[in-house]
Amino acid sequence: MSAPDLGAAPVGAGLRVGVLALQGDVREHAAVLTALGAGVVLVRRASELDDVAGLVLPGGESSVMDKLTRRFALRDPLRERIAAGLPVYGTCAGLILLADRLLDGIAGQQTLGGLDATVRRNAFGAQNESFETRLAVPALGDAPVAATFIRAPEVVEVGAGVDVLARLADGRIVAVEQGPLLGTAFHPEVDGETRFHARFLEQVRAAV
Amino acid sequence: MTENTTTQTGGLRVKRGLAEMLKGGVIMDVVTAEQARIAEDAGAVAVMALERVPADIRAQGGVARMSDPDLIDQIIATVSIPVMAKARIGHQVEAQVLQALGVDYIDESEVLSPADYVNHIDKQPFTTPFVCGATNLGEALRRITEGAAMIRSKGEAGTGDVSEATKHIRTITGEIRALAAKSRDELYVAAKELQAPYDLVVEIAETGKLPVVLFTAGGVATPADAAFMMQLGADGVFVGSGIFKSGDPAARAAAIVKATAFFDDPAVIAEASRGLGEAMVGINVADLPAPHRLAERGW
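Chains Y and L supply the protein sequences, listed in that same order. Under this note's numbering, the residues of the first sequence are numbered 1 to 208, in order. Under this note's numbering, the residues of the second sequence are numbered 1 to 299, in order.
Next up, chain Y with everything else stripped away, as it sits in the complex (with noise of 0.2 Å):
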């Protein structure tokens, strides 16, 4: 085994990453992007997206973003670079948003879709069911992923080309990837859980 290359650049070193940032927990998100060399941009109009190499989608409230993205002429330049193959991270919220299809949205309550999934908004029930746990995530090594669960959606059903990567006890779907898009229902960026953001930092170096 070679000795580790101290002097190695990290993960994210010379990418320019967006961060949705109309509302919810973008400033979590942004600083573990920044720790792993990433620059982030804080996107919110479509002439932020033009020199992003990918995007994260945090969380917050979905509906919000939903309203906002339509408000702001956001929707349709999101949806062309997601379409061309911008790698995207969705959290909780923002998996909502990249899933093909919604339940339980508010009414009218659109998605940016993308993924070919269908997810549940609220799927655990109210802030009283909210939860901490450990989750085995095999794609991102033996050590167990802490992943906490707020108001979270599920994925109740994926199409042939989503990986699950991690499952509940109760086998509901808590984690999927479909070639550059990546979405879990939990929030690593509050756990100081870095793996999912290096994973999604290399598809955007891998794409660019």
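Just so you know, the hints here were simulated from the structure itself, not pulled from any lab data. Even for Gly, the Cβ is constructed at its ideal location relative to N, Cα and C. Mixed in with the good hints, there may be bad ones.
What the hints assert, rightly or not - Chain Y side only, calculated, beta carbon under 8 Å to chain L, not exhaustive:
| # | residue |
| --- | --- |
| 1 | Asp25 |
| 2 | Asp51 |
| 3 | Leu68 |
| 4 | Arg71 |
| 5 | Ala73 |
| 6 | Leu103 |
| 7 | Gln110 |
| 8 | Arg121 |
| 9 | Gln127 |
| 10 | Glu129 |
| 11 | Glu132 |
| 12 | Thr148 |
| 13 | Ile150 |
| 14 | Ile173 |
| 15 | His187 |
Once you've looked at the hints, dock chain L against the given chain Y.
Frame of chain Y, contents of chain L only:
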């Protein structure tokens, strides 16, 4: 370690975490299920269910208490965004009832009549997280020590006068900056003066921020008011009487949501401020005699 089998509810991370997810958003006071629907459609990140908005509590007087459980049930059944509700300061049983009703956040609020003039609720044993008001850093830290998972600067509710909200958010953020500038040996006295636990004071000095989300409240009535609070460092905004005491609540609610998200873009705020009809009439805080100032409740 066992994976995928043990889960924990009601921990600090999920309590504080929900507030983290509300950042950049607007939480709106509603007194009926219909108003809750309007708020959700306008883009509220959460609603605060109460029986009377602060402007009416102020006008009608009397003891203001927790809302009727039927009203809270109706609002929970009507919207799918988080629902908050208010308990009186110190009234642990009102808080227990709200937890049993399944609200997402409990606001131990000075807008209601205090039930205990000495103690606040011990919030740590609850599964449901609490938000509490504060006028300064010491008050915020005492509430966090009792278990509050979110702080809102108090302002002066039900007035439509933003000046007290300005004062309180500036006081809290200014005191945090002052603490961050102190040397380690000065923090013992700082903790004494703030009347807050030393360890928490050290944490604030080191991180330069509260360990929980800081919203602002009390007097926000226009899109510009909301953006002003965000520019002063608030993580988000509570709007009470300002929406449903105005001429066109749905339009004003949507406009305040836009202005909060684009708080640093005057062109967006200008556009959002057009055609909203009458703002709430309001009361100048300077004209309020001291016993009628809600922000002085809580200590």
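Comparing the hints with the structure gives:
1. Hint status for Asp25(Y): holds, given a least beta-carbon distance of 5 Å to chain L, under 8 Å.
2. Restraint check, Asp51(Y) versus chain L: the minimum CB separation of about 19 Å is more than 8 Å; hint violated.
3. Interface hint status for Leu68(Y): upheld, as the beta-carbon distance to the closest one in chain L is roughly 6 Å, under 8 Å.
4. Here the hint on Arg71(Y) is kept, as its CB sits about 7 Å from the closest CB of chain L, short of 8 Å.
5. Checking Ala73(Y) against chain L by beta carbon gives a least distance of about 12 Å; that is not within 8 Å, so the hint is violated.
6. Taking 8 Å as the C-beta cut-off, the interface hint given for Leu103(Y) is violated, the closest approach to chain L being about 11 Å.
7. With 8 Å as the threshold, the beta carbon of Gln110(Y) stays out of range of chain L, its nearest partner Cβ sitting at about 14 Å, so the hint is violated.
8. Taken as an interface hint, Arg121(Y) checks out: its beta carbon lies about 7 Å from the nearest beta carbon of chain L, inside 8 Å.
9. Here the hint on Gln127(Y) is kept, as its CB sits about 4 Å from the closest CB of chain L, short of 8 Å.
10. Here the hint on Glu129(Y) is kept, as its CB sits about 6 Å from the closest CB of chain L, short of 8 Å.
11. With a cut of 8 Å, the hint placing Glu132(Y) at the interface with chain L holds, because the nearest CB-to-CB distance is about 5 Å.
12. A least Cβ separation of about 5 Å between Thr148(Y) and chain L falls short of the 8 Å threshold, and the interface hint therefore holds.
13. Satisfaction of the interface hint for Ile150(Y) is found here, the shortest Cβ-Cβ separation to chain L being roughly 5 Å, below the 8 Å cut-off.
14. Hint status for Ile173(Y): violated, given a least beta-carbon distance of 12 Å to chain L, over 8 Å.
15. Interface hint at His187(Y): satisfied, since its Cβ lies 7 Å from the closest Cβ of chain L, which is below the 8 Å cut-off.
In summary, the numbered hints that this structure violates are 2, 5, 6, 7, 14.
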